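**Q** Residues per chain are reported as follows:
2 protein chains.
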Amino acid sequence: MARIINILRNGKAQEEIEVKGWIRTKRELKEFSFIEINDGSSLGNLQAVLNSDLLNYQDIIKRLNTGVSVSIKGILVDSPAKGQKVELQAQEVIIFGDCDPETYPLQKKRHSFEFLRTIGHLRGRTNTIGAVMRVRNACANAIHQFFQSKGFLWVHTPIITASDCEGAGELFTVTNLSLEKIIQDKKDEINYENDFFGRQAYLTVSGQLEAEIMAMSFQNVYTFGPTFRAENSNTSRHLAEFWMVEPEIAFCDLEGDQNLAEEFLKYVFKYVLDHCPEDMAFFNQRINQNVLINAENIINNEFARITYTEAINLLEKSKKKFEFPVEWGIDLQSEHERYLAEELFKKPVIVTDYPKEIKAFYMRLNDDQKTVAAMDILAPGIGEIIGGSQREERLDVLQSRIVECNINGDELWWYLDLRRYGTVPHAGFGLGFERLVQFMTGMENIRDVIPFPRTPMNAEF
Amino acid sequence: MARIINILRNGKAQEEIEVKGWIRTKRELKEFSFIEINDGSSLGNLQAVLNSDLLNYQDIIKRLNTGVSVSIKGILVDSPAKGQKVELQAQEVIIFGDCDPETYPLQKKRHSFEFLRTIGHLRGRTNTIGAVMRVRNACANAIHQFFQSKGFLWVHTPIITASDCEGAGELFTVTNLSLEKIIQDKKDEINYENDFFGRQAYLTVSGQLEAEIMAMSFQNVYTFGPTFRAENSNTSRHLAEFWMVEPEIAFCDLEGDQNLAEEFLKYVFKYVLDHCPEDMAFFNQRINQNVLINAENIINNEFARITYTEAINLLEKSKKKFEFPVEWGIDLQSEHERYLAEELFKKPVIVTDYPKEIKAFYMRLNDDQKTVAAMDILAPGIGEIIGGSQREERLDVLQSRIVECNINGDELWWYLDLRRYGTVPHAGFGLGFERLVQFMTGMENIRDVIPFPRTPMNAEF
Chain U
1 MARIINILRN GKAQEEIEVK GWIRTKRELK EFSFIEINDG SSLGNLQAVL
51 NSDLLNYQDI IKRLNTGVSV SIKGILVDSP AKGQKVELQA QEVIIFGDCD
101 PETYPLQKKR HSFEFLRTIG HLRGRTNTIG AVMRVRNACA NAIHQFFQSK
151 GFLWVHTPII TASDCEGAGE LFTVTNLSLE KIIQDKKDEI NYENDFFGRQ
201 AYLTVSGQLE AEIMAMSFQN VYTFGPTFRA ENSNTSRHLA EFWMVEPEIA
251 FCDLEGDQNL AEEFLKYVFK YVLDHCPEDM AFFNQRINQN VLINAENIIN
301 NEFARITYTE AINLLEKSKK KFEFPVEWGI DLQSEHERYL AEELFKKPVI
351 VTDYPKEIKA FYMRLNDDQK TVAAMDILAP GIGEIIGGSQ REERLDVLQS
401 RIVECNINGD ELWWYLDLRR YGTVPHAGFG LGFERLVQFM TGMENIRDVI
451 PFPRTPMNAE F
Chain Z
1 MARIINILRN GKAQEEIEVK GWIRTKRELK EFSFIEINDG SSLGNLQAVL
51 NSDLLNYQDI IKRLNTGVSV SIKGILVDSP AKGQKVELQA QEVIIFGDCD
101 PETYPLQKKR HSFEFLRTIG HLRGRTNTIG AVMRVRNACA NAIHQFFQSK
151 GFLWVHTPII TASDCEGAGE LFTVTNLSLE KIIQDKKDEI NYENDFFGRQ
201 AYLTVSGQLE AEIMAMSFQN VYTFGPTFRA ENSNTSRHLA EFWMVEPEIA
251 FCDLEGDQNL AEEFLKYVFK YVLDHCPEDM AFFNQRINQN VLINAENIIN
301 NEFARITYTE AINLLEKSKK KFEFPVEWGI DLQSEHERYL AEELFKKPVI
351 VTDYPKEIKA FYMRLNDDQK TVAAMDILAP GIGEIIGGSQ REERLDVLQS
401 RIVECNINGD ELWWYLDLRR YGTVPHAGFG LGFERLVQFM TGMENIRDVI
451 PFPRTPMNAE F
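One line per chain: the protein sequences are U and Z, in this order.
Quick note on our numbering: the first sequence kicks off at 1 and runs consecutively.
Quick note on our numbering: the second sequence kicks off at 1 and runs consecutively.
Among the hints, erroneous ones may be present.
Identical copies carry no separate label here, and so any pair may be met within one copy or between two of them.
Lysine-lysine pairs mimicking DSS-like chemistry, simulated, CA-CA at most 25 Å apart [as the list claims (entries may be wrong)]: (1) K266 x K347; (2) K150 x K270; (3) K317 x K370; (4) K346 x K266; (5) K150 x K73; (6) K108 x K26.
No wet-lab data here; the hints were simulated from the structure.
Here the structure is a predicted model, which is why all the values come from computation and not from measurement.
Work out the full structure: start from the sequences and follow the hints.
**A** Printed below as a string of structure tokens:
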């Protein structure tokens with residue numbers, strides 16, 4: 001059985017083929033009909049021509065509505081129509097499943113993305129969501145290929161965790177206690193010793209700390225798995241459940257980290273342009289006309305690299321009116337990041353060495369005692385796409401930072417052990433996978449780049 | 001920087017190299033010392049020779065204890081020692097992190113796997129767990145390569161789900177309600193409308209139903225993600241959190257499903273033998289002497305295919321005393337499966353068409369009205385490794401089965417819609433990823449083939 005993407009790319013006249021898929025459109029003429037069939041492998045449909053001398057033509061053609069599943073055997077012929085090299089001269093049509101045009105929610109017309117979210121079980125059959133899911137798969141595959149080719153191990157860090165030191169307040173609780181029973185029993189307090197794990201457990205917000213464990217045994221590792229935030233953010237950029245990629249590299253400093261991240265982004269964007277050219281052209285035409293420019297900008301430019309302190313100086317010199325005033329110590333806002341990447345450098349910028357007060361406890365303290373070896377990558381049209389750091393590998397400095405940041409160090413005994421026994425300089429970064437797909441495709445709402453989005457009040461399908 | 005696996009496989013005398021890793025052992029002689037260094041890329045260590053004329057030799061050699069992290073520059077020379085082609089003549093040694101032999105828990109001696117689980121942050125530095133994690137990564141990579149090369153999309157089905165129709169009683173609840181606050185407020189019942197998703201939510205037990213959604217748009221898809229069971233099973237084969245692989249194929253029947261599963265298993269086992277020969281030889285020598293035989297058995301034999309009814313007949317004819325008596329209708333027990341695969345066929349066996357009473361509601365009802373189009377793959381020395389089925393694509397039959405099985409069909413409105421609008425024959429299977437790694441490596445306890453196992457009373461690290 002042939003896939004339509006291969007037929008459209010490489011099909012030759014006179015080939016006998018069989019395709020299976022779903023009808024997108026039908027045009028009935030007197031002596032024959034055109035139908036367009038899609039099998040999810042490509043944006044483009046394959047056009048089939050059904051002559052009226054086909055067996056059961058009258059019955060079949062009546063039933064061939066949008067959404068109907070079919071198998072068609074026939075011969076490829078050169079197509080007189082524009083935009084396709086070949087079409088399929090049908091010799092046998094089998095209908096697997098009918099589709100009632102009166103009730104099928106996906107009629108051939110424009111639907112809003114909001115509406116499509118309510119039919120998440122069917123929206124993959126639309127041009128846009130179809131293209132998104134193919135690009136998403138290509139991104140994911142590129143990520144594995146990149147790291148595997150460099151000898152990184154894919155490590156599965158735990159989803160359920162007993163540690164709450166990283167995401168206070170935004171954690172989902174995981175339990176198998178019966179809440180109903182607790183209330184019926186009129187208990188005064190929850191006894192987590194009776195819970196499945198014998199203690200309070202949560203959904204992970206990051207696999208980084210466990211990835212550090214693995215890097216201290218295997219040198220180069222990466223996570224690629226789901227992470228969670230119980231954050232009540234109803235925005236176009238937030239999901240409660242999303243996939244993260246987090247490489248962790250032993251014997252690596254902040255410069256090596258930047259080099260890896262730059263090479264990584266270039267690889268993934270190039271891979272998707274190479275493997276999904278039709279889908280990417282579609283996004284550029286229909287969704288966001290900067291999609292290809294933004295991708296080329298990442299692929300073709302050496303990223304600028306500046307320190308946070310230099311960034312602050314540049315912003316102050318810019319004489320631009322920012323909503324959030326610029327001074328050393330502030331967290332960079334979206335408007336600042338956009339100015340740097342889009343107006344000043346006009347290419348991706350890596351900003352490094354942020355004030356320690358605005359960054360996490362595990363980032364390596366610089367010699368100035370004021371900044372840490374952090375990096376954020378900002379890209380034109382996209383904003384912050386990667387955040388990373390060199391990790392604090394010195395036991396005494398890490399212990400001081402834990403106290404400074406009011407973190408419960410007892411829970412981190414194993415994290416400290418890594419600095420006690422054969423500690424090494426190491427670094428890593430994090431990439432929100434859905435953010436990447438959103439930027440790559442130009443989709444406005446992050447809920448439309450994951451098959452089944454989880455957001456406040458929504459866990460449908 | 002060179003990785004040790006490449007040096008051991010391809011290193012040539014006279015090459016100048018730099019390696020970084022952790023000391024495994026040290027042997028001090030009068031004029032020089034041997035140290036063995038490991039960087040996690042291979043089972044084998046690289047032996048380095050440190051002559052006493054090295055800068056700071058006396059200080060360095062004292063500190064080079066097991067677990068110390070180092071960088072060594074030097075020249076490869078032919079090794080007189082057995083089992084290694086080259087060794088490293090050190091010219092410069094840098095110590096990154098010391099490791100106190102008085103407190104380091106991983107001294108050079110045999111440790112029980114039970115003990116190693118208590119130091120999950122260090123156990124990757126042992127021969128066995130190191131080999132397991134490399135084989136695990138190779139398995140994972142093989143799975144992606146197999147499906148991607150066939151045009152399957154990797155789809156990320158949701159981890160958090162509101163549906164409880166598949167795993168009644170074994171579900172973890174996910175909530176961001178404060179249990180403490182509910183008790184303090186002395187509420188009479190839980191109002192899930194105030195919970196994050198506005199309803200009760202759980203951790204998924206399978207991505208299959210959502211994978212079916214995606215297959216109805218994209219034809220060929222697979223999931224590869226974490227799944228959960230809140231099952232209080234303290235056995236060597238159960239985890240509360242484990243990764244599953246679930247392909248789903250449109251326009252496919254049970255025979256196509258069997259073909260794909262057989263090809264898949266052969267591919268993955270062969271890939272691991274090709275890519276991790278040293279690790280697999282180690283397992284065969286130290287862990288389970290049937291590991292290689294079992295793998296070859298899968299790779300080199302055409303799988304036998306019999307129906308459940310034939311299997312029952314063969315078991316009855318065997319005259320063997322089984323603990324669980326054999327009659328048509330029973331679920332096959334491990335002893336039955338082992339007899340079929342190990343004694344009778346001596347190769348992998350696919351058993352198909354099980355009684356509907358012992359299988360899930362979504363499996364396709366056969367024309368006999370008594371059996372369903374299910375399959376289980378049984379392998380010698382391994383047992384059941386894959387379970388799959390053709391899915392019920394006929395709306396009316398599926399609806400009857402839902403009623404028969406006492407399932408709440410209202411929740412499955414979208415699943416039924418797939419049969420309403422362009423339904424197609426389709427099939428798929430499921431593979432427990434940790435079970436696969438366990439079988440591949442011969443490891444006795446499944447807790448030792450996942451980086452951070454989650455089991456009753458255990459969510460450490």
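**Q** All hints, please: hold or fail.
**A** Right, here's what the structure says about each hint:
1. K266 x K347: Cα proximity of K266 and K347: one copy only (13 Å, versus 47 Å across).
2. K150 x K270: both (17 Å within a copy, 21 Å between copies)
3. K317 x K370: within (23 Å within a copy, 80 Å between copies)
4. K346 x K266: within (16 Å within a copy, 50 Å between copies)
5. K150 x K73: between (44 Å within a copy, 21 Å between copies)
6. K108 x K26: within (10 Å within a copy, 73 Å between copies)
Violated hints are absent here; each numbered hint is respected by the structure.
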